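Trainee: Residue numbers (my numbering), protein chains in the order written: chain A, 1372 to 1698; chain B, 14 to 557; chain C, 319 to 636.
Bear in mind the hints are in silico, worked out from the structure with no lab data behind them.
Given the structure is predicted, the values throughout are model-derived calculations rather than measurements.
It is possible that part of the hints are untrue.
Computed footprint of chain C on chain A; a stretch qualifies when at least three of its residues, placed anywhere within it, have a C-beta under 8 Å from a C-beta of chain C [claimed, not checked]:
no.: 1; stretch: 1444-1452
no.: 2; stretch: 1466-1480
no.: 3; stretch: 1563-1570
no.: 4; stretch: 1619-1627
no.: 5; stretch: 1675-1686
Think about it this way: if two alpha-carbon atoms lie no more than 27 Å apart in a straight line, the pair counts; the simulated DSSO-like pairs of lysine-lysine are [what the hints assert, rightly or not]:
no.: 6; chain 1: A; residue 1: 1601; chain 2: B; residue 2: 100
no.: 7; chain 1: A; residue 1: 1495; chain 2: B; residue 2: 100
no.: 8; chain 1: C; residue 1: 526; chain 2: B; residue 2: 380
no.: 9; chain 1: C; residue 1: 526; chain 2: B; residue 2: 442
no.: 10; chain 1: B; residue 1: 414; chain 2: B; residue 2: 380
no.: 11; chain 1: A; residue 1: 1611; chain 2: B; residue 2: 104
no.: 12; chain 1: B; residue 1: 88; chain 2: A; residue 2: 1601
no.: 13; chain 1: B; residue 1: 212; chain 2: C; residue 2: 526
no.: 14; chain 1: C; residue 1: 526; chain 2: B; residue 2: 414
no.: 15; chain 1: B; residue 1: 100; chain 2: A; residue 2: 1611
no.: 16; chain 1: A; residue 1: 1495; chain 2: A; residue 2: 1611
no.: 17; chain 1: A; residue 1: 1601; chain 2: B; residue 2: 104
no.: 18; chain 1: C; residue 1: 526; chain 2: B; residue 2: 432
Ideal placement from N, C-alpha and C gives every residue a C-beta, glycine not left out.
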Amino acid sequence: MLAFILRRLAQSIVVMLVVALISFMLFRYVGDPVASLLGQDSRLEDFEALRERLGLNDPAYIQFFRFIANAIQGEFGISYRLQQPVSELIMSRLPATIELAFTSALIALVVGVTLGVFTALRPKSLSTAVIMTLSLVGVSLPTFLIGIGLIYIFAVELQWLPSFGRGDVVDLGWWRTGLLTESGLRSLILPAITLSLFQLTLIMRLVRAEMLEVLRQDYIRFARARGLSKRAINFGHALKNTMVPVITITGLQLGSVIAFAIVTETVFQWPGVGSLFINSVQVVDVPVMAAYLMFIAFVFVVINLIVDILYYAVDPRLRVHASGSGK
Amino acid sequence: MTEPIISVRNLVVEFPLRRGLFTAVNDVSFDIMPGEILGVVGESGAGKSMTGAAIIGLIEPPGHIAGGEIYLSGKRIDNLPPEEMAKLRGKRIGMVFQDPLTSLNPLYTVGQQLVETIRRHLPMNEAQARQRAIELLGEAGIPSPETRIDSYPHQFSGGMRQRVVIALALSAEPDLIIADEPTSALDVSVQAQIIKVLKQLCESRGAAVMLVTHDMGVIAETATRMIVMNKGRIVETGTVGDIIKRPKEEYTIGLIDSIPSIRDETRRHEVTPAATQLVKVENLTRDFDLSPSFFDRLVKGSKRSVVKAVQDVSFGIRKGSTYGLVGESGSGKSTCARMLVGLIPPTSGRVLLEDEDIWESGSGTQKRRQRVQMIFQDPYASLNPRWRVGDIIAEPMRALKLVSGKREAEERVADLLEKVRLDPIVMRKFPHEFSGGQRQRIAIARALSSQPEFIVCDEPTSALDVSVQAQVLDLMRGLQDEFGLTYLLISHNLAVVRQMADDVGVMHGGVLVEQGPVDEIFDDPKVEYTRMLLNSVPDISKVE
Amino acid sequence: MSTPQNPATPVATKPPSRLYRMWDSDVFFSFRRSPVTIVAATVAFVLVLAAILAPWIAPYNPFDPASLNLMDGFTAPNSNSMMGNYFLLGSDHQGRDVLSTILYGSRVSLFVGVSATLFAMAIGISLGLTAGYVGGTTDSIIMRVADIQLSFPAILIALLIFGIARGIIPPSQQEGMAIWVLIVAIGLSNWAQFARTVRGATMVERQKDYVSAARIMGVHPLVILIRHVLPNVMAPVLVIATIGLALAIIEEATLSFLGVGVPPTQPSLGTLIRIGQQFLFSGEWWILFFPAITLVLLALAVNLLGDWLRDALNPRLR
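Just chain A, same shape as in the assembly:
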């Protein structure tokens, strides 16, 4: 078990280093950081002085090393656009994104798995046909259109829910949450649904496909031949085997919810890291872009690690090695 986790951890570190390298090259070579910081009409000496001070005249590997050392301490420099430390910017907007992403991930997971199992177990029923067609419509609807549509119906026409922002937040010192006020919760509903819909359909289709595949396996036929009840076969045998591949892909899908939030946050003017990123891309605010990339990579690596451990817990073929018993 320990060796397994260590191995995964080592792989994660490699991934982080690769992403760090990309971030660093972005940071260092896309645009001129000095020009971005000083503006067009500064003197040449100022340029040189700043280059020296920022260490841009050192060899690239030393700069990379420094970049990583800083990144580990959460230090990504100053935003060109907002002239604030990037880490502060991201930290102040992180709670909004995490609350949104977590809520939609939960919706996507619960509803997606339920519908997936339901449609797999009733392949011929009318409700399955309706759900499958709706899910295809769901995949074909761009997230931003769903958002606009929901705003139009529930905020403009019916006026039930707010159309933008986070509502009132409660400051817990290190975390500003919108989950504790009524307006905060009401504001969360539309963006969370918007963000979850795409992942929901993906998870549902995946669970359905995997479950149908498992139901065709020999051991399911054998379970039926042993006279087990339908319930035991479907939920004891088929569902557990379905979960093995589903865990992996679902985990990664959920990780991408955070990055997918970019679009939703823009439509609903949600003050999270996604909208920060999109604004930075438009003006090539490289430090923020680099930091965001590292942040997403970190989320991905953590989720991957959790997925691997879950996988390990579910599948005995990984846990217990085959002992070579004779014939």
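Given the coordinates of chain A, assemble chains B and C onto it according to the supplied hints.
Mentor: Frame of chain A, contents of chains B and C only:
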């Protein structure tokens, strides 16, 4: 007279297909008495598995029972509602499937699956059920069942898994076991043990068995009465002895005639013992490095592991003769074949074709490509499904630049198709339009297309039905005489080797344990392993 | 259990014509039997044809400044403007005909979508074939990269590439290059799906004996890959390409909606929706509604086709 356990009357099973109705089982009637073992034999598509599935109520949709009745101890069961039927399965009728590797749920221990089944059917608590599960495993021949019960399926070998499957099928003391090709996925030596276990367990419980198989030998050794099926219908019913010794119907006669026997001593032609050796294999060795990755070795301290697939194998093949290489799965015979045709390089040792090492020099490689060819086991995988038959057969000629124009290639292909007894017009068709036997003929035509001298045949008939096997073997013999070909015949089927080979080598665990002229080895084996192998072959000649 | 096979076809009959065989094939059979698919195919065909023919069938040229008149602005659908011009689907704030902008917009959207998908296919197939056939370290590296890429959402990767391109390309050329940057960005964010599928299929095909047979006769590995393996892995590629096309169209629309896509002088459906969004709450719904409906119809039709194709080509589901 006692009442039959199962009584099938005029059973019809239909599959509505796109191009019309397919009748898989047509007007089939039979009885099985308590404690009786009924063998059901037939070639693929005969409807024998479907009959079994119909009795236990597990026909895959869109197939369905379209007519007839099935009675279990006099009570009609084919029209029971699904929930009622589910209660009979396992409790009154058990089933054993062909492939033990996929029959068990990989995520649960063997014990969990046994306890679950036992408690579903018998009024027992967890501890009692577990006790019973341990007893069952013990009876099925699993050593130290008290500890093995908590193992997962992947920790058992194939043969052991099939024992677990049998224990599972018997766990609620059913009156009837339907065994659908229970040993077809196993090696001969394991097969014999499994048949014994199945027979013993059913005898001691008085359970009847419906043994479905394509292997007449297995039925000859196990069953008392048998049914021969063809194209969904019953051709002949009778005692095993009667049918094998005195078949009445033409189909049965043909079927039994085409089954090769390891007792068969009719020789076809004699190769002069002094003929030159075309192929010589010297100290051939092949290791496979199955070491864990560098990282695992670092962290876990796991060791490098090297599997010696083939160890120090030497033999020679006389020009114009057939050398048979036999052994069970994992014995290294296929690895040997792949080294002989240039697919995997040997770790050490040499393969000589007329005294030139085919792995050594450029000219050796060139010589090998022109003069060595191979016929593979699975005729469905050995022909590219996207190519026309004509292109498939012409590929070696084109690759080796033996033909210049399109016309010439087409003429050669037509010629080759006639040689393998196919109509030349089929060169415009795709492989999926042919049956297994026809595809194997196409594969043979391709092998002949570069005019080779030496053909390695890796299980050329084991994917085919017996009657088709006989035709393909016949064709191979004819071509050998016509072109003076030299064959290396690799097979797990000892009877086929006896029929075809001049010399034979027996492989076990990567080592060539015994070799010599075929009659000598088969009639008077010197090595214990060969003797065991020959004894475990179920053979129809053993029937009295 | 073996499924029943069709009785072997008699060998000596003359093969039927290629066209008839295609019509009679199982794939087309399932097409003829699925009304939803026929409708989807028709919709997709009409939309694509309209986009291709836009310069000839559009009632106005919305990008000709000379023909634009602000007095035509905000005309409701199916009515005449103050200038007396008729607009079937209304006009936008600049007096552009919505129908014409949609026709031209689908042209841009489809061009970007198709080019990006082809680009992704080219990269994915070649890397997938290489990884699957060569195996070993090459395989691990390619698949590791694909894994990482797959776990980052396409939209994020496209945004990053877009940001990088913005930092590298001089501002004067940015507008002209925008559409190509978009194609590369979307293409690079979608190759991994292809690579993964092709690699999986290649590993299966590589083991098959027809490949061994070709190796025995000394056929060059590259020839084996292209002539033997490639045709046999194309079925799943086709399915992914269809679904990928829908994704690429949506991705393009999303990027353009976010304002990082094609320049406003060459609006795609996404740009039109971005523009229309400003007027949704003031009552001029048609500026947003018609482009949005076109986009959804297009994506849905392509998705439906992809869904059908997957079921039709998957022999296990048949």
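Trainee: Okay, which hints does this one fail, numbers in order?
Mentor: Violated hints: 1, 2, 3, 5, 13; rest satisfied.
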